[in-house]
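Asks: Here's the letter readout for the chains.
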Amino acid sequence: MAHQQATRAGKWLVVGPPLLYLVVFFAIPSLIMVLASFRTPGEFGGLAPLVEDGRFDVNLDSYARFFSESIYAEIFLKSVGYALLTTVACLALAYPLASLIAKSPKKYRELLLLLVILPFWSNFLIRVYAWMIILGPNAALARTVNGILGWFGHEPVPLLFSSFAVLVCLVYVHLPFMVLPLYANLEKHDQALLDAAQDLGANAWQRFWRITFPLSLPGVYAGAALVFIPALGIFAIPDILGGPEDSLIGNVIKQQFLETRDWPFGSVLSIVLTVAALVLAGLAAWVARRNLATPSSAREARA
Amino acid sequence: MALLEIQNVTRRFGDFIAVDNVSIGIEAGEFFTLLGPSGCGKTTLLRMIAGFDLPDGGRILLNGEDLAGRPPERRPMRMVFQSYALFPHMTVEGNVAFPLQMAKAPAAEIPAKVAAALEDVRLQGFGKRYPHELSGGQKQRVAIGRALVTHPTVLLLDEPLAALDAKLREEMQIELINLQKEVGITFVYVTHDQTEALALSHRIAVMSKGQVEQVDEPSRIYGFPRTRFVADFIGHCNLLSGPVLANAGGVVTIDAGGLGPVRVAVDSTVGVGRPGTIALRPEKIRIASTAPAGTSDNRYRGTVAELLYMGDVTVYRVETSAGTRIEALLANSQSGRAKFFEVGDPVEVSWPVDAGHFIAE
Numbered sequence: 002m003a004h005q006q007a008t009r010a011g012k013w014l015v016v017g018p019p020l021l022y023l024v025v026f027f028a029i030p031s032l033i034m035v036l037a038s039f040r041t042p043g044e045f046g047g048l049a050p051l052v053e054d055g056r057f058d059v060n061l062d063s064y065a066r067f068f069s070e071s072i073y074a075e076i077f078l079k080s081v082g083y084a085l086l087t088t089v090a091c092l093a094l095a096y097p098l099a100s101l102i103a104k105s106p107k108k109y110r111e112l113l114l115l116l117v118i119l120p121f122w123s124n125f126l127i128r129v130y131a132w133m134i135i136l137g138p139n140a141a142l143a144r145t146v147n148g149i150l151g152w153f154g155h156e157p158v159p160l161l162f163s164s165f166a167v168l169v170c171l172v173y174v175h176l177p178f179m180v181l182p183l184y185a186n187l188e189k190h191d192q193a194l195l196d197a198a199q200d201l202g203a204n205a206w207q208r209f210w211r212i213t214f215p216l217s218l219p220g221v222y223a224g225a226a227l228v229f230i231p232a233l234g235i236f237a238i239p240d241i242l243g244g245p246e247d248s249l250i251g252n253v254i255k256q257q258f259l260e261t262r263d264w265p266f267g268s269v270l271s272i273v274l275t276v277a278a279l280v281l282a283g284l285a286a287w288v289a290r291r292n293l294a295t296p297s298s299a300r301e302a303r304a
Numbered sequence: 002m003a004l005l006e007i008q009n010v011t012r013r014f015g016d017f018i019a020v021d022n023v024s025i026g027i028e029a030g031e032f033f034t035l036l037g038p039s040g041c042g043k044t045t046l047l048r049m050i051a052g053f054d055l056p057d058g059g060r061i062l063l064n065g066e067d068l069a070g071r072p073p074e075r076r077p078m079r080m081v082f083q084s085y086a087l088f089p090h091m092t093v094e095g096n097v098a099f100p101l102q103m104a105k106a107p108a109a110e111i112p113a114k115v116a117a118a119l120e121d122v123r124l125q126g127f128g129k130r131y132p133h134e135l136s137g138g139q140k141q142r143v144a145i146g147r148a149l150v151t152h153p154t155v156l157l158l159d160e161p162l163a164a165l166d167a168k169l170r171e172e173m174q175i176e177l178i179n180l181q182k183e184v185g186i187t188f189v190y191v192t193h194d195q196t197e198a199l200a201l202s203h204r205i206a207v208m209s210k211g212q213v214e215q216v217d218e219p220s221r222i223y224g225f226p227r228t229r230f231v232a233d234f235i236g237h238c239n240l241l242s243g244p245v246l247a248n249a250g251g252v253v254t255i256d257a258g259g260l261g262p263v264r265v266a267v268d269s270t271v272g273v274g275r276p277g278t279i280a281l282r283p284e285k286i287r288i289a290s291t292a293p294a295g296t297s298d299n300r301y302r303g304t305v306a307e308l309l310y311m312g313d314v315t316v317y318r319v320e321t322s323a324g325t326r327i328e329a330l331l332a333n334s335q336s337g338r339a340k341f342f343e344v345g346d347p348v349e350v351s352w353p354v355d356a357g358h359f360i361a362e
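In order, the protein sequences belong to chains A and L.
For the first sequence, the numbering used here assigns the number 2 to the initial residue and increments by one for each residue that follows.
For the second sequence, the numbering used here assigns the number 2 to the initial residue and increments by one for each residue that follows.
Next up, chain L with everything else stripped away, as it sits in the complex (with noise of 0.2 Å):
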C-alpha cells in the first residue's frame, strides 16, 4: 500500500463536481505532481488532502489511517500556500518557531532546529528579518523552511512558483528537487505549468474536469499520452484524427481528414473503421525543401504559413494543399544560419511512422 491513498474521493460544490471519483497512490519519498488546467479540481484535491476540505464521498489514507476525523492542525502534513502565508508581525525566525512551538518542542532545543532548517534552504543570516523585509523567492523559502521544519511525513506544496518570475522559477525548481532529495519528504506538488511539472516529478496525475486523465513519469505523460485532452495539455502537439483504415503489421492508418491517410505504430490491436487521434509532436516532425526519398515516412508538401523566431528554437506552422496545418519545430543549431526558411516558402514535412503515437477514442 501507499504512503498516501486517494481512493475514489469526491468533492462537490453545489452541481458542480470538482473531484470526481479520484483514486490515486502516493508512494513514501516521491516528488508526485497535480497537473491540470484551472478549475481541474488540483487544489481542491490538495485542500482534502491537507484537511482544509472534506470529501463528499472516498477516503483518504495516511499510512493506512483514514485522515477523515483528523483536522489540518492534527494531520502531519505541511501545505507551501501560493501566497506563501508569512506571518507579517512575526520575524523570520519567528515564523520558522511557529510550528515547533506549536508542537510544544523543548524551548531550549527550537533554535538549533530553526537554525538547521533555515540552513536548509539557505537563508541563513535573515533570522531576524520581517517577511517584507524579503524578496519573492526568499518568502518563498521561508515558508518551504517553516513547513519541513517539524520533518513532516508529507509536504503539500500549492503553486509554490507561481509568483516568481521566469528566471528564478527555474532557480527555485532546481533547489526543490535537490531539497526533496536531501530532505527525502514525499513531496505533492499541484500546478498548472506543464514545463514545471515534467521538470520536477517523479510522477505526473493529470486533471481535467475534476478526473484523472493519466498518471504517470513525465517522459511517458509526453511521449505517451494515454488522452487527446494529455497529448493536447502537455506541451505542443499535432492531433490528427479520424476513422481507422486500416490496422496491418503493427501499424495503423487513419484518414486524417484532408491529409488522407496517415500511418503510425502502434503496440496494441485497433479496430477498423473506430475513431483515432494521432499525437504528433512538432520536434518530431522534419522539415525541408523536399523530404528524402525511400522511406515509408509520411510526407506532405505545403507552405510555411507562419513561423516564430524563439531564438534557440523556431516554430514552423506549415499548411498543407489540403488546409491541414501541422506544426514542426526546427532546432536552430546550425551555425550562420538563424532560420531556414521564411513564410510563403515551399516544404515539405515528413515523419516517421513511429514518430507519432495512437490514441482510440
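Same shape as in the complex, but just chain A (with noise of 0.2 Å):
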C-alpha cells in the first residue's frame, strides 16, 4: 500500500514538472488566445473592456473577417505552398544525406552528424542575415547567374528579395530536421534484407523502391511534420529575405500583433494556423499508420 502510493508520487514528481510547465506556458497562453478572439480590438490597441454598457462584448467578427476577405485564405494558401516545396525540397536533399551518413563507417557517423547540426549553434537570425549576403546583388552567386543570363540575352535577375531566397533558406534551415529523423530510422536497416532482395533478383533501384523507401517511412513522415509544422509558421525569413509578394501567414499574425495591434483577428489567424497544422499532422499520421501498417496495429493487438 504504502510502497504503492511512494510509486505514485514518484510518478508525479517525474511527470509533474514538464506537466507543469506545458499547462502554463502552452495551454494557458492558447486558451488566452482563444478567448481573445472573440473579443472587440481596443482602441490602442490590446482589448476593448470585455463589459461594456452593461453587456458582455464577445462576438464572431474576427471570424467573420477571415472568411469574407479572400486575400488572408490566400496568404494562407501560400504559406502551405511554401511549407510543402521546402518539405519536399528537405526530402529530397537529406535522403541522400542521411543514407549516406547512415552508411558511412561508424568512426565517422557521429562526425557527419556534427556537421549536420553545427548550424544551431549560431544564432538563426544571423543564418538567416547570412543569406543576404550570400544572395546579394553584389556576391559571386548573383554575379554569376546574371553573367550566364546575359549571354542568354536575358535581363538581370534579383536573387535577394524573392521567393527564391525565401525558399532556399527555408530549406537550408529545416534540413536538419529531416536529415536527424531519417538518419535515426535509415541506421537502423538491416543490411540482410537488401543482400536478400538482391539475391532474390532485385535491382539497385527495386531494392531502394520496394525495401529500402517502405521500411523508411516512418522515418520520412516524422521529418517532414518537423519541417512542415514550423515552414507553415515562419515569418523572420520572408520579413528579411522575401519581397513584397512573399508575406506569408507568419507575417501577417505578427503585423497583427505588432503593428496593426488587432489582437482578435491575430488570435483567429492563429488559430485557424494552429488547427490547419493540427489537422494536417494528423492526416499525414493516419497516412502513416495505415501504410505500416499492419504490422503496429497487430503487434498492439497482441501486447
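These are computed hints drawn from the structure, not numbers from a lab.
Only true hints are included.
Quick list of simulated restraints, FRET-style, between CB atoms:
{"id": "1", "chain 1": "L", "residue 1": "Asn64", "chain 2": "A", "residue 2": "Asn204", "range": "20 to 30 Å"}
{"id": "2", "chain 1": "L", "residue 1": "Ala108", "chain 2": "A", "residue 2": "Val89", "range": "26 to 36 Å"}
{"id": "3", "chain 1": "A", "residue 1": "Pro97", "chain 2": "L", "residue 2": "Ala108", "range": "29 to 39 Å"}
{"id": "4", "chain 1": "L", "residue 1": "Gln8", "chain 2": "A", "residue 2": "Val146", "range": "57 to 67 Å"}
{"id": "5", "chain 1": "L", "residue 1": "Gly58", "chain 2": "A", "residue 2": "His155", "range": "57 to 67 Å"}
No experiment lies behind these values; they were computed from the predicted model shown.
The beta-carbon is built from N, C-alpha and C at its ideal position, and this holds for glycine as well.
Mind docking these for me? Both chains are given alone in their own frames, and the hints should help you get the complex.
Replies: Right, here's the structure in full:
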C-alpha cells in the first residue's frame, strides 16, 4: 500500500514538472488566444473592455472577417504551398545525405551528424542574415547567375528579396530536422534485407523502392512533420529575404499583433494556423499508420 | 563436369586468407555441406557462390559458365539467410511473391505459384500474416519457400537452423531432407554443427583455416577422417599420436607416449619412424572390469576419472596408469542398471586393431 503510494508520488514527481510547464506556457496562452479571438480590438491596441454598457462584448466579427476577405485565405494557401515545397525539397536533399551518413563507417558517423547540426550553434537570425550576403546583388552567386543569363540575352534577375531567396533559406534552416529522423531510421536498417532482396533478383532501384523506402517511411513522416509545421508559421525569413509578394501567414499574424494591433484578428489567424497544422499532421499520421500498417496495429493487438 | 565448380578460389581480407585455394565440385541434385568452425571460411565461400563477394583468385562455374561477371540478382541461385531476412513490411505472400515480381512473372500466375511454394513448406493458410506474427520455425519456412518459388538451380543455406531450439532443429532437419528430395534442387548448406552436417548431407566438405581438409560422404568423414583436424572436429575422438614402431601384415604399431605401443589396422604402407595418429571413436572402445582374454586387442588398465551420464549413454574418461586419458562410450541399454561403473572404479579398456583409424602426418 505504502509502496504503491510511493510509486504514485514518484510518478507525479517525474511527470509533474513537464506537465506544469506545458500548462503554464502552452495550454493557458492558447486558451487566452482562443478567448481573445471572440473579443473586440481596443481603440489603442489590446482588447476592448469585456463588459461594456452592462453587456458582454463577445462576438464572431474577427472570424467573419477571415472568411469574408479572400486575401487571408490566399495568403494562407500560399503559406501551405511554401511549406510543402520546403518539405519536398528538404526530403529530396536529406534522403541521400541521411543515407550516406547511415552507410558510412561508424567512426565517421558522429562527426558527420555533428556537421549536420553545426548550424544550430549560431543564432538563427544571423544565419538568415548571412543569406542576404550570399544572395546579395554584388555577391559572386548573383553575378555568375546574371552573367550566364546575360549570355542568353536575358535581363538580370535579383536573387535577394524574392520567393527564391525565401525558399532557399527555408530549406536551409529546416534541413537538419529532416536529416536527423531519417538518419535515425535508416541507420537501423538490416543489411541482410537488402542482400536478400538482391539475391531474390532485385536491382539497385528495386531494392530502394521496394525495401529501403517503405521501411524508411516512419522517418519520412517524422521529418516531414518536423519541417512542415514550423515552415508553415515562419515569419522571419520572408521578412528578411522576401519581397512584398512573399508575405506569409506568419508575417500577417505578426503584423496583427505588433503593427495593426488587432489582437482578436491575430488570434483568429493563429487559431486557423494551429488547427490547419494539427489537421495536416493528423492526416499524415493516419496515412503513416495505414501504410505501415498492419504490423504495428497487429503488434498492439497482441500486446 | 559438376554442376557447380569451385576452382582454386582464394579470398583475402588484408593479411588474412579467409578462403585459401579451394576446389570443390558439387553435383546436380546433391545436398552438399560446407562444415567447419567459425572463421574457417565457409560463409565467405558461400557468399562468393551467391555473388555477394568476389574471389581474389580462382573461378566459380555454374554449368560450365564463369559467374564472375554476374551480380547476385542475375545468378540462378537463392540464399536462405541465417537471420531469415524476411521483409517485415510484407506479408508471407508478399515475401514469397517478391522474387516472382522481380523476375517479371505474369501477375496472373503469381498467386498459384505462391500457394504452391507455401504448400511445399507446409505453410498453407499463413499467407496473410506478417513475419513478426510467425514463430522461428515458420519464419524459416517462409525464407525457404521464398527462395524456392522461382525454382533456382542451386539453393544456398547459411546456418539456417542455428537460431532454432534443439527439438525444432531436429524436426526441420528431417523436413529439409524431404524437401530437398522432393524439389530435387542442389542444396549447398553451411553449418558449424557437425551432427547436423552428418544427418543432412550427401557429401560434406570439412574446412579449416580457409582450406578444405576432406570432401566425403558423412560415414567416411566420421569413420575415416583424413586429417587430425577432421577426426577431432567431427564427433568425439581419442587421438593417440607417436612415431611408427612397426608396420607388418597390415597392422601398424605406434609408440603412443605413456600408453606404449598401440596397434591399428591400415590399408596402406607407412614408413617406420614416421609420425602418425590413431583416431579412435569412444563408442568403439570396450570398458569392463577385466577385458576378455585371448584376443589380439589393445588393452589397458586404468581407473574411471570422470563420467558423464547422458541418459541413453554414459561417457567414461578412464585414466590409465601412465596418465593417458581414454574416452569410452557405453550405451545404457541393459535394463535395470543405469550406470556400470563409478568414479574411482578400476577398469580395463580394450579395442580391436581395426577399431582405430590411422592418420599419417
